[in-house]
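Q: On the provided structure of chain P, position chain E with the ligands as indicated by the hints.
First to last, the protein sequences are chains P and E.
Heads up: the first sequence runs through residues 0 to 453, numbered per numbering that gives the first Met the number 0.
Heads up: the second sequence runs through residues 0 to 255, numbered per numbering that gives the first Met the number 0.
Rather than coming from a laboratory, the hints here were simulated on the basis of the structure.
Distance condition first, Cα-Cα at most 30 Å in a straight line; then the derived DSS-like pairs of lysine-lysine: (1) E:238 x E:17; (2) E:17 x E:225; (3) P:382 x P:350; (4) E:17 x E:58; (5) E:124 x P:407; (6) P:382 x P:427; (7) E:9 x E:58; (8) E:9 x P:407; (9) P:354 x P:427; (10) E:124 x E:107; (11) E:107 x P:407; (12) E:58 x P:407; (13) E:126 x P:407.
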Amino acid sequence: MREGRQTVTAVVHEVDRYRESFARLEAGAAAKGWAWFQPVRRDAMARFADLGFPTVRDEDWRFTNVAPIAQTAFAPAPDWGITPAPRDLVPFEFPGLAGSRLVFVNGRYAAGLSSLGPLPAGVTVTSLAQAFPAHPDLLQAHLARYAEYHQDAFTALNTAFVEDGAFVSVRRGTVLEEPIHLLYVSTQTPAPVITHPRNLIVAGEDSQVTVVEDYVSLGDGVGFSNAVTEAVVGQNSVLSHYLIERESPQAFNVSTLRLHQGRSSSVTSHAVLLGGALVRNNVHPVLAGEGGDCLINGLFLATGRQHVDNYMKVEHASPHCGSRQFYNGILDGQSHGVFHGRIIVHKDAQKTDAKQTNRNLLLSEDAQIDTKPQLEIYADDVKCTHGATIGQIDEDAIFYLRSRGIPKESARGLLLFAFAGESLQRMKVEAIRTHLEALVAQWLPQGAPLEDVR
Amino acid sequence: MLEITNLHVKAGGREILKGVDLRVNAGEVHSIMGPNGSGKSTLAQVLAGRETYEVTAGKVTYQGRNLLEMAPEERACEGLFMAFQYPVEIPGVGNTYFLKAALNAIRKARGLEELDAMDFLTLAKEKMTRLEVDDRLLTRSVNEGFSGGEKKRNEIFQMAVLEPRLAILDETDSGLDIDALRIVAAGVNSLRSPERAILVVTHYQRLLNYIVPDFVHVLVDGRIVKSGGKELALELEAKGYAWVEGEARAAAPATA
Ligand SMILES: Nc1ncnc2c1ncn2[C@@H]1O[C@H](COP(=O)(O)OP(=O)(O)OP(=O)(O)O)[C@@H](O)[C@H]1O
Ligand SMILES: [Mg+2]
Chain P
0 MREGRQTVTA VVHEVDRYRE SFARLEAGAA AKGWAWFQPV RRDAMARFAD
50 LGFPTVRDED WRFTNVAPIA QTAFAPAPDW GITPAPRDLV PFEFPGLAGS
100 RLVFVNGRYA AGLSSLGPLP AGVTVTSLAQ AFPAHPDLLQ AHLARYAEYH
150 QDAFTALNTA FVEDGAFVSV RRGTVLEEPI HLLYVSTQTP APVITHPRNL
200 IVAGEDSQVT VVEDYVSLGD GVGFSNAVTE AVVGQNSVLS HYLIERESPQ
250 AFNVSTLRLH QGRSSSVTSH AVLLGGALVR NNVHPVLAGE GGDCLINGLF
300 LATGRQHVDN YMKVEHASPH CGSRQFYNGI LDGQSHGVFH GRIIVHKDAQ
350 KTDAKQTNRN LLLSEDAQID TKPQLEIYAD DVKCTHGATI GQIDEDAIFY
400 LRSRGIPKES ARGLLLFAFA GESLQRMKVE AIRTHLEALV AQWLPQGAPL
450 EDVR
Chain E
0 MLEITNLHVK AGGREILKGV DLRVNAGEVH SIMGPNGSGK STLAQVLAGR
50 ETYEVTAGKV TYQGRNLLEM APEERACEGL FMAFQYPVEI PGVGNTYFLK
100 AALNAIRKAR GLEELDAMDF LTLAKEKMTR LEVDDRLLTR SVNEGFSGGE
150 KKRNEIFQMA VLEPRLAILD ETDSGLDIDA LRIVAAGVNS LRSPERAILV
200 VTHYQRLLNY IVPDFVHVLV DGRIVKSGGK ELALELEAKG YAWVEGEARA
250 AAPATA
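So that you can see chain P by itself, here it is in the shape it has in the complex:
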C-alpha cells in the first residue's frame, strides 16, 4: 500500500513541474497572436496531466522505461544563450545539396544560421512562429489535427508547449526538387533543457517535397527533444521524410511523425538513429485515401547503454493501399533496441497489402532486442506479412572474407556495413545517402569501408 501511494505522489510531482511552466508559457504566448491556438494548448495540457508519463505497464511502452525523462527537472530553453558559429554546423551539411536549411537552436529558429534557397512559386518554407501570423488559415486547418495528443502523453506535452518548428507548404502541382533540411541543434546548457520542435508539412495535390529532420548536439548536455511532425500529403503527391538522430549520448529524444495520406499519395519515411541515451521513434502513417502507398524504412545503431525504441503504427483506413516496413538494427555493448510494429487494417480497407520486416544483429552478449509485430485486422480481404530475425554476425562469411586476404576487422566492418546498407540503399537522395553512409561507417568498428560495397 505504501509503495502505491508513493508512486502516485511521484506522478503528480512529475506533471506539476510542467503545469508551472505551462502557466508561464501561456501568459507569454497569448500575447504573440496565437490566440486561436490557446484552447488546443489548454486541452493538450489537461490531457497530459491526465495521462501522465507512460509506464511499462502501458502496452505501447512495454519495453521502454521513460522514468529518466519523467524524473528529470528539465527547464524550458532559455531565450538567451550561446549561438553556435556557422562553422560549428559545417559537419552537419550535406555536400552537394543546395536546398534550404532551417536551423533551430535549442528549439528556436535561428534566422542568422539558416539559408533559404530560391524557392519555386507556391512553396513556403518558414518557421512555425512566423507562420502563425502569416498563414493562419493553413495552420488552423491542419495544426494539431492529426497527431494524437489525446492518446499520447508526449504528443500532448509537445502540443501544450509548441513554440517553434518548421512550416513547409507546397501548393498543388508544385514540385520541390531540393530537400529541405531542418537542423535541430542542442547546445550545451547549464541545466537540462526540454524543447518541443513542432513541424507542419502541407503537400497539396500532385506536389512533391522532401524534408530532412536532423537532431544534433554541440557538446554533451542532457537535453530532451520532444518533437512532433505532422505531414498532410495531398492526393497523388509524393513526400519523402528523413529523420536523423545523432544527438549526444546523454540526450533524450522522442520523435513522432504523423503522416496523413490522401488518395494515391506516396510517402517514404527513412530514419537513421545512432545518437541519444533514450530514443523513441514513433512513425504513424494513416493511409486515409484509396491507393496510397508508404515505405517505412529505418536503421538503428546502438551501443553502450543506449536505448532505442521504434514504434510503428501503420493504419490502413482505405482500400487498395500498400505499406512496407523495413527496419534493421545493430546493437552492441549493453544497448537495448525495440521494434514494435503495429499494423491496423480498418474495416473498409479491403485489398490492403502490408508488409513488415525487422532484422537485428546483436554484436555482444549483453545487447538486447525486443521485437514485436502487432496486427489488428478488421477487413477480410487483405494481405499482411511480417517477419523478424535476430542474429549474430555470420562467422562463415567472416572466414570466407579472411580466407581471401581481408583482415578480420575489415571483414566485420564490411558485413556490418552491408547489413546497414540494406536500409541505406532504399534512401534515394544521393547526397543524403552518401552523408549517412559515412556517418554509419564512422559508427561501425574500425575497418568499415567508406565506399560503395555493393
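A: This is chain E with the ligands only, laid out in the frame that chain P set:
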C-alpha cells in the same frame, strides 16, 4: 612448400583427422581422394585457417613457416588459396568490391601497388573471358543466389585473379557439367608452374582426366591410407573405396 606432419584435428568433440602426413613441393599437383566424411574438407579448412577446428597434435609448415600460427588472412597474403566446397553467400557485399579488396590486401602484403577500380576491372574482365564466367556475376552480391555451378566458377575466377602459390580445391568439380569442368580444369592448369603447387580434393576421378596429378592420396577415416601416382585414381575408380578401406583395415594395428 607444404609439409604436414602427424596432423590430428578435432571438431565438435570428435577426432576427425587422426594423423595426416603429406608433403607437397613447388611445381607439384597432388590429389586427395576419399569417401564421404573421411575428413577431406576438414583438412582443407584447417589449412585455410578455420578456427572451429581444433588442432590437437601435429605440425604444418608452409614455405618454412608454422602455418598453424598464421591468421587466415595472413595465409591468403602468403599465397594460400582454398576454393570452398560450399562457397558462402554474402548479401550486400558486391563481388567486385570483395575481390578488389581481397586482391589489394594481398598485393599490399606483397609490397605491390594497389590497383585502382579501372585497372582491377580490366584484369577481372580478362580473367572472366578466359574462364567463360558471365560478367554479370561481378555486379551481384558475393555468391548470393548463384547456382551451384556459378559458385564453383566464382571460386576459380577468384583463384585466377588472386594467383596463389598454393591452391587447395575442395571438390570444385562436384556439380559441374562437363563443359564447366573443362573450363575449370583449364583455369587450374593455366596456374600450373614450377613455383606453384595445387592440392585437388575430389570425390571422383573424372576431374583428374583434365587436371592430371603427380600424386594421388587416399584419405579414409582421417588418415592417408594409400598414396601413389595418377594410376591410383583410375584403380580407385575401378575398384571403389571399399578396396582401400579393406586394405587399410587389414594393415592397421588392432585398436580394440
Ligand atoms: N565443425 C564440425 N563439427 C562436428 N563435426 C564435423 C565438423 N566438420 C566436419 N565434421 C564431421 O567430420 C567428418 C568429416 O567431415 P568432412 O567435411 O571433412 O568430410 P569430407 O571428406 O569432406 O566429406 P564430403 O566428401 O562429404 O565432402 C564428418 O563426419 C563430419 O560430419
Ligand atoms: Mg568435403
